[in-house]
Amino acid sequence: MGLCKVSFCVLSVLGLVIVGDVAYAQDLPADYVNAHNAARSQVGVGNIVWDDTVAAFAQNYANQRKDCQLIHSGGGGKYGENIAMSTGDMSGTEAVKLWVDEKPYYDHASNTCVGGECRHYTQVVWRNSVGLGCAKVRCDNGGTFITCNYSPPGNYIGQSPY
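The sequence shown lines up with residues -25 to -1, 1 to 137 when you count with mature numbering (1 follows the signal peptide of the UniProt record, and there is no 0).
Please keep in mind that the hints were generated in silico from the structure rather than gathered at the bench.
Careful, some of the hints might be misleading.
Straight-line distance between alpha carbons at most 16 Å, and here's what the computed EDC-like set of lysine to aspartate or glutamate pairs gives [said to hold, decoys possible]: (1) K72 to D6; (2) K72 to D2; (3) K53 to E92; (4) K78 to D115; (5) K41 to D115; (6) K78 to E92; (7) K41 to D64; (8) K72 to D42.
Generate coordinates for the entire structure from the input sequences, incorporating the hints supplied.
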């Protein structure tokens, strides 16, 4: 009987660990890629893939933003970039959703933003951006900073993303 109680406790703790990991699972490279590719497929743009070199750049910059200030890195001249921050926890997929939620402000016919910001969205779906690297840090104030970088960069003035 005592052994059954101990086994139940171990399984219960194991279950909590597995459930806890699920809560953080939306920060895996595949989660960032899948969220981007869902938006890209809606407009007929090919898939983007995870690029470890771009991800290393993103992580290096994210580590410098533990102050949670929304300041762009400039992409080192090689990468496009989207950034997001939250006063609490934010998953990578939630950050991508913020950017994709700008879609209604993009008018493809005129290739302009109408009534709001849309340049985060256009970078997500930029057809020539095929490499992706993202990173997340917990800020000193308890917030979250997330950056995604794109290779090659998008958002060239006068060019349509797709």
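**Report entry** Broken hints, by number
**Finding:** 3, 4, 8
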